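Start from the sequences, fold in the hints, and give me the full structure.
Okay, here's what each chain looks like letter by letter:
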Amino acid sequence: MLKEHCSVVSHTCIADSVYELVLEGEMTKQMQQPGQFVHVKVSDGLDPVLRRPISIANINQEKSQFTLIYRKQGRGTSLLAEKKPGDQVDILGPLGNGFPVAEAGKGNLAVLVGGGIGVPPLYELAKQLVSKGVTVINILGFQTQGSVFYESKFAELGQTYVATVDGTHGTEGFVTSVLNNEKFHADIVYSCGPTPMLRAVEEGEFAKKVYLSLEERMGCGIGACFACVCHLKDDPEGYSYKKVCSDGPVFRAGEVAI
Amino acid sequence: MLKEHCSVVSHTCIADSVYELVLEGEMTKQMQQPGQFVHVKVSDGLDPVLRRPISIANINQEKSQFTLIYRKQGRGTSLLAEKKPGDQVDILGPLGNGFPVAEAGKGNLAVLVGGGIGVPPLYELAKQLVSKGVTVINILGFQTQGSVFYESKFAELGQTYVATVDGTHGTEGFVTSVLNNEKFHADIVYSCGPTPMLRAVEEGEFAKKVYLSLEERMGCGIGACFACVCHLKDDPEGYSYKKVCSDGPVFRAGEVAI
Amino acid sequence: MSMLNIDLPGLSLKNPVMPASGCFGFGKEFSNLFNLDILGAIMVKATTPEPRFGNPTPRVAETPGGMLNAIGLQNPGLKKVLSEELPWLKRFDVPIIANVAGSTEEDYVQVAKEISHAPNVHALELNISCPNVKTGGIAFGTDPEMAKSLTQKVKAVSSVPVYVKLSPNVTDIVSIAKAVEAGGADGLTMINTLLGMRLDLQTAKPILANRTGGLSGAAVKPVALRMIYEVSQQVSIPIIGMGGIQSAEDVIEFFYAGASAVAVGTQNFVDPFVCPSIIEELPALLAKLGYSHISECTGRSWKKVEQFAHHRA
Amino acid sequence: MSMLNIDLPGLSLKNPVMPASGCFGFGKEFSNLFNLDILGAIMVKATTPEPRFGNPTPRVAETPGGMLNAIGLQNPGLKKVLSEELPWLKRFDVPIIANVAGSTEEDYVQVAKEISHAPNVHALELNISCPNVKTGGIAFGTDPEMAKSLTQKVKAVSSVPVYVKLSPNVTDIVSIAKAVEAGGADGLTMINTLLGMRLDLQTAKPILANRTGGLSGAAVKPVALRMIYEVSQQVSIPIIGMGGIQSAEDVIEFFYAGASAVAVGTQNFVDPFVCPSIIEELPALLAKLGYSHISECTGRSWKKVEQFAHHRA
Ligand SMILES: Cc1cc2nc3c(=O)[nH]c(=O)nc-3n(C[C@H](O)[C@H](O)[C@H](O)COP(=O)(O)OP(=O)(O)OC[C@H]3O[C@@H](n4cnc5c(N)ncnc54)[C@H](O)[C@@H]3O)c2cc1C
Ligand SMILES: Cc1cc2nc3c(=O)[nH]c(=O)nc-3n(C[C@H](O)[C@H](O)[C@H](O)COP(=O)(O)OP(=O)(O)OC[C@H]3O[C@@H](n4cnc5c(N)ncnc54)[C@H](O)[C@@H]3O)c2cc1C
Ligand SMILES: Cc1cc2nc3c(=O)[nH]c(=O)nc-3n(C[C@H](O)[C@H](O)[C@H](O)COP(=O)(O)O)c2cc1C
Ligand SMILES: Cc1cc2nc3c(=O)[nH]c(=O)nc-3n(C[C@H](O)[C@H](O)[C@H](O)COP(=O)(O)O)c2cc1C
Ligand code: FES
Ligand code: FES
Chain U
1 MLKEHCSVVS HTCIADSVYE LVLEGEMTKQ MQQPGQFVHV KVSDGLDPVL
51 RRPISIANIN QEKSQFTLIY RKQGRGTSLL AEKKPGDQVD ILGPLGNGFP
101 VAEAGKGNLA VLVGGGIGVP PLYELAKQLV SKGVTVINIL GFQTQGSVFY
151 ESKFAELGQT YVATVDGTHG TEGFVTSVLN NEKFHADIVY SCGPTPMLRA
201 VEEGEFAKKV YLSLEERMGC GIGACFACVC HLKDDPEGYS YKKVCSDGPV
251 FRAGEVAI
Chain A
1 MLKEHCSVVS HTCIADSVYE LVLEGEMTKQ MQQPGQFVHV KVSDGLDPVL
51 RRPISIANIN QEKSQFTLIY RKQGRGTSLL AEKKPGDQVD ILGPLGNGFP
101 VAEAGKGNLA VLVGGGIGVP PLYELAKQLV SKGVTVINIL GFQTQGSVFY
151 ESKFAELGQT YVATVDGTHG TEGFVTSVLN NEKFHADIVY SCGPTPMLRA
201 VEEGEFAKKV YLSLEERMGC GIGACFACVC HLKDDPEGYS YKKVCSDGPV
251 FRAGEVAI
Chain G
1 MSMLNIDLPG LSLKNPVMPA SGCFGFGKEF SNLFNLDILG AIMVKATTPE
51 PRFGNPTPRV AETPGGMLNA IGLQNPGLKK VLSEELPWLK RFDVPIIANV
101 AGSTEEDYVQ VAKEISHAPN VHALELNISC PNVKTGGIAF GTDPEMAKSL
151 TQKVKAVSSV PVYVKLSPNV TDIVSIAKAV EAGGADGLTM INTLLGMRLD
201 LQTAKPILAN RTGGLSGAAV KPVALRMIYE VSQQVSIPII GMGGIQSAED
251 VIEFFYAGAS AVAVGTQNFV DPFVCPSIIE ELPALLAKLG YSHISECTGR
301 SWKKVEQFAH HRA
Chain L
1 MSMLNIDLPG LSLKNPVMPA SGCFGFGKEF SNLFNLDILG AIMVKATTPE
51 PRFGNPTPRV AETPGGMLNA IGLQNPGLKK VLSEELPWLK RFDVPIIANV
101 AGSTEEDYVQ VAKEISHAPN VHALELNISC PNVKTGGIAF GTDPEMAKSL
151 TQKVKAVSSV PVYVKLSPNV TDIVSIAKAV EAGGADGLTM INTLLGMRLD
201 LQTAKPILAN RTGGLSGAAV KPVALRMIYE VSQQVSIPII GMGGIQSAED
251 VIEFFYAGAS AVAVGTQNFV DPFVCPSIIE ELPALLAKLG YSHISECTGR
301 SWKKVEQFAH HRA
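Residue numbers (the UniProt record's numbering), protein chains in the order written: chain U, 1 to 258; chain A, 1 to 258; chain G, 1 to 313; chain L, 1 to 313.
Hints listed in this document are in silico derivations from the structure and should not be mistaken for laboratory results. Because the structure is a prediction, the values reported are computed rather than measured. Each residue gets a CB set at the ideal place from its N, CA and C atoms; glycine is no exception. One or more hints might be untrue.
[What the hints assert, rightly or not] Dumping the calculated BS3-like pairs for lysine-lysine here, alpha-carbon to alpha-carbon at most 25 Å: (1) A:Lys233 with G:Lys80; (2) G:Lys304 with L:Lys205; (3) G:Lys155 with G:Lys113; (4) U:Lys84 with A:Lys83; (5) A:Lys83 with U:Lys83; (6) L:Lys303 with G:Lys205; (7) A:Lys242 with G:Lys80; (8) G:Lys205 with A:Lys72; (9) G:Lys288 with L:Lys79; (10) G:Lys303 with L:Lys205; (11) U:Lys242 with L:Lys80; (12) G:Lys28 with A:Lys3; (13) G:Lys205 with L:Lys79; (14) U:Lys72 with L:Lys205; (15) U:Lys233 with L:Lys80; (16) A:Lys29 with A:Lys3; (17) A:Lys106 with A:Lys3; (18) U:Lys3 with L:Lys304; (19) L:Lys28 with U:Lys242; (20) A:Lys29 with G:Lys28; (21) U:Lys132 with U:Lys183; (22) U:Lys29 with L:Lys14; (23) U:Lys83 with A:Lys208; (24) U:Lys242 with L:Lys79; (25) A:Lys84 with U:Lys84; (26) U:Lys72 with G:Lys288; (27) G:Lys205 with L:Lys304; (28) G:Lys79 with A:Lys242; (29) A:Lys242 with G:Lys113.
[To be verified] Here are some chain A residues the structure puts well away from chain U; computed CB gaps all over 12 Å: (30) Tyr19; (31) Glu26; (32) Ser43; (33) Gly45; (34) Lys63; (35) Thr77; (36) Asp90; (37) Gly146; (38) Thr160; (39) Asp166; (40) Gly170.
Pasting the structure below:
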């Protein structure tokens, strides 16, 4: 983990309020697992105060570059959206434990299920899985046509389904509609997205191995403040816990209570 | 008075930690008197919270441009120093009542006495005085050679003396040393600078008419918050008062207690 | 139909946004910038029986996300407020809330009695919470019994409704709120400033000549919200909320916490057009959030769902 | 010769900079980032007799210039702290200040008694001021008599000096400070967090699951400074100051107000290297300001000039 001023290589609006930010920095070397995240200070000084957790969407070791894809929503991401190529961004990372690529064997079928801003980390995951010979199917859920991004990039890596809530693009409805309709017989499912979606993926038991990437409001991002703690699934009222930032954000389905 | 986003035309470091910032904006039209100031929001959001008062150093009506000259010291002026040509700066102005040019008649001798960051407003003043036929002598005080700015610009407008505290440039000592040595027989003295300097200028009685530009920590800059109030000289313990921001910043010597 | 009109004791407000006392003088400076008619009301500067010069300068200091002030209730005194400041404000169609201050009970009673008869004064704001005045002042705001007794005395002489301005510098703000309600207060305004200080790095001395001052601005917003949330659930008189409001979003947050109207203080110094801007932005924001009137937002964080039965499809 | 070493009851500090309780866990996470030996001390997370999960999430919310937390004293419990966390910390040459919490007097006494015997615990910090725990907790910190009695009981069983951590959510912090001094406290730490809240614009509900939380970060700095300024003039035990410290300049400001050492909380989340950075920058800053030792800064805003006779040419 490093704290580093990374420089902006490119910054592009790729869908309604969705930005692709390519950064260059030493910390790229430490990025191994898809699903890890970085903690971003969007401005110097104290407006806003806290860092923002953003998943690593793509890693380019040769160029020491990595990509973040984020939705502009509150003050933090709005300020981040103002960064221009050449600007420096204060980044802490890589943080957390990502998706276990090793759990999918060569020739296995992996289904990747992403919702909204949960889609980005699945891209690096798909890349790494494909490069080790895993067959990948991507199911990507968005609100509406205008918010869809990276569809063709995912399509290059495997069969890709898109669902939109309002039906303006792809299947109408949720990613679970696709999962329920298609019966993929996946060896492993990896998922990232809003909590209700993760719950549905967990309950659907679409594969024996299911890995979920969780979201929680964070303070430190490194395991020191206990902001992001969740209960274990088999001890929902007890004292045992996991920290989303440092034990996760990826957990095996059934490990923690979501 | 307007609240306007003015655009940066140029921004130059003209002495140690001293910057010349040329801005373009509609509010230039309203700038008449030298010695008025603008209230500058150096960054969006709340870091820092308050505006910074900076005197208008030069007015260019044809181009709708005006110049600020400031010393980078705390957080506000440091952030201001980062602005680049083309950037927008949120400005409230022009504010306050400046130096009464009308008080100097054609053919009069006006002595302008400035100290450090009190020098800038005297430049526009000298320009306006000279253009109406007043003879101008400028006495400019600085800490050291590296902080001297605008010496040749002032010299174009009238005889110009520079004093530095450490003697590295011009006369060693304070502006009052020059005033005491030279015995100018001025018709009018205009002065801006640190309070001890203003006090010395007031006590020296170097002319019948003496005008002083005061500095005080400000909130609103428009007369509403009562942050910048000073006592009247003839009622130093009473209820009567003047507001530096809206009654001043320029007062006739003897009007307010400094 | 307006989404913003609010009726409070003594106050029939076009909209619930008003400048906070001490941050708008008696309105003159701002009248050069916009028509004061558009404001919900104006809380004018504190008035004391005699003129006051206030504290020596520096009177303001900047803090992270906020500012300190130690103006010390500078004002021209009751007589001049009655003969000059308030009459001047009559040209505007806007209710005035007169901020009443003093060092003794008699001071408050005298000011309240006389100022409440000014024709454009629709309500009083009893400032029992100014941290910058040495005698009295803050003590009234920190002791429930004193606060109650003062409220009663002022109520007895006032011809208009009385709002009591609460200090946040207390262990238990609910007990003060309940005491002034019991004393007959028609409403509450909260919060006044938090007591704070800054030191100068070079001199090692306090930046403010008065040493300590009142903290205001965005930094105090979470404290204001918490106190309004606590108090609004325990009293039945309305609350005019303030403390760090900068935007229409902030206004809604104060309403959710329990406010029925709001005042904007410090932000007037940063953006003198903040009140008109907020008033202009509120209807669209309310519509976006699904409300048809701002009153639906009051106390929404703690009121039972049934109380909002008619809202949303 | 060091410009930074400070001796306090039980604590012989290389430098007066330490992470604040709850903002540094038990040090493990930060030990991957820098050598903990360089710290003046470590204030570890609150320990209660039994393990606590704490409050539901969300537990943090951002505020202007600060943040709210409602962690709820999550900790592994006294037994595990004694058997795992503290022994692990022994690899570092740094004094530990154990933060003692609980819901009842017995809780505090039990934790204090046992934890004070851990070999690397050099002092206790009695947390009578956590705003996020429902039973007890904050009440101890707001009532002088309770605070004094608790201090006495803890002092009676503790084998190391006891620092009492004061809550800022009180009308009169001086009276609490004097009470715990009278109860035998060896020092004070201040301030804990200010009670605050934020509401969610979409849902109208509090952002924190616990509804209210503790405000920390730069926003509270002026309140912390004011309280340290007031208390340091009225007690003769040393104060470890905290509340919004982000830089070496802030540290000096806290010393001027009256602190003899400082702790850094929230800023560790923004910049995990903040403590080492401050420690590195302090000597140059002190030299620039004309001091030869940081102890010359303590209370400089209010101490008489003669007390500093030997300073400066
Ligand atoms: C491990 C992890 C990975 C993430 N990866 C991505 C990503 O790749 N792309 C992306 O667009 N978003 C991602 N998010 C969500 C992202 O962190 C939030 O959208 C962002 O923090 C919002 O900041 P803001 O200032 O725009 O919003 P504001 O609402 O102004 O933020 C206020 C506070 O709430 C926190 N917050 C608000 N929304 C969220 C949220 N959904 N999750 C966690 N904290 C939140 C902020 O961090 C901040 O502290 C991720 C979150 C986590 C926990
Ligand atoms: C009418 C007027 C005209 C001025 N004109 C100029 C000018 O032309 N050029 C120039 O360099 N400076 C000028 N100043 C001083 C300038 O306002 C301060 O240098 C500046 O505010 C410092 O801000 P900072 O953030 O760098 O310092 P900080 O110390 O971080 O500021 C903290 C707070 O203190 C206030 N403050 C600090 N120093 C001063 C000061 N000397 N006067 C008033 N407020 C202060 C700031 O405005 C801010 O609110 C003028 C001041 C006044 C009152
Ligand atoms: C410069 C200044 C002067 C103030 N004067 C008064 C006053 O005279 N009477 C009063 O009741 N409150 C006064 N206040 C407090 C404000 O009315 C308000 O309660 C407080 O500032 C919180 O709101 P804000 O954060 O929006 O500023 C003053 C505040 C400031 C900043
Ligand atoms: C996330 C978090 C957890 C905290 N936990 C504790 C705690 O367990 N015990 C305690 O005494 N103080 C706790 N505090 C308070 C801090 O120790 C400190 O007093 C306060 O945050 C002010 O300092 P700061 O502004 O530098 O953060 C906590 C603060 C934060 C932000
Ligand atoms: S965010 Fe601090 S422990 Fe996870
Ligand atoms: S700065 Fe507000 S009255 Fe002068």
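Against the structure, the hints:
no.	hint	result
1	A:Lys233 with G:Lys80	holds (22 Å)
2	G:Lys304 with L:Lys205	holds (12 Å)
3	G:Lys155 with G:Lys113	holds (9 Å)
4	U:Lys84 with A:Lys83	holds (15 Å)
5	A:Lys83 with U:Lys83	holds (15 Å)
6	L:Lys303 with G:Lys205	holds (10 Å)
7	A:Lys242 with G:Lys80	holds (17 Å)
8	G:Lys205 with A:Lys72	holds (23 Å)
9	G:Lys288 with L:Lys79	violated (52 Å)
10	G:Lys303 with L:Lys205	holds (10 Å)
11	U:Lys242 with L:Lys80	holds (17 Å)
12	G:Lys28 with A:Lys3	holds (17 Å)
13	G:Lys205 with L:Lys79	violated (47 Å)
14	U:Lys72 with L:Lys205	holds (23 Å)
15	U:Lys233 with L:Lys80	holds (22 Å)
16	A:Lys29 with A:Lys3	holds (13 Å)
17	A:Lys106 with A:Lys3	violated (36 Å)
18	U:Lys3 with L:Lys304	violated (44 Å)
19	L:Lys28 with U:Lys242	holds (16 Å)
20	A:Lys29 with G:Lys28	holds (23 Å)
21	U:Lys132 with U:Lys183	holds (24 Å)
22	U:Lys29 with L:Lys14	violated (36 Å)
23	U:Lys83 with A:Lys208	violated (57 Å)
24	U:Lys242 with L:Lys79	holds (20 Å)
25	A:Lys84 with U:Lys84	holds (14 Å)
26	U:Lys72 with G:Lys288	holds (18 Å)
27	G:Lys205 with L:Lys304	holds (12 Å)
28	G:Lys79 with A:Lys242	holds (20 Å)
29	A:Lys242 with G:Lys113	violated (30 Å)
30	Tyr19	holds (19 Å)
31	Glu26	holds (25 Å)
32	Ser43	violated (8 Å)
33	Gly45	violated (4 Å)
34	Lys63	holds (28 Å)
35	Thr77	holds (14 Å)
36	Asp90	holds (15 Å)
37	Gly146	holds (27 Å)
38	Thr160	holds (40 Å)
39	Asp166	holds (34 Å)
40	Gly170	holds (39 Å)
Hints 9, 13, 17, 18, 22, 23, 29, 32 and 33 from the list above are not met by this structure, while the remaining hints are.
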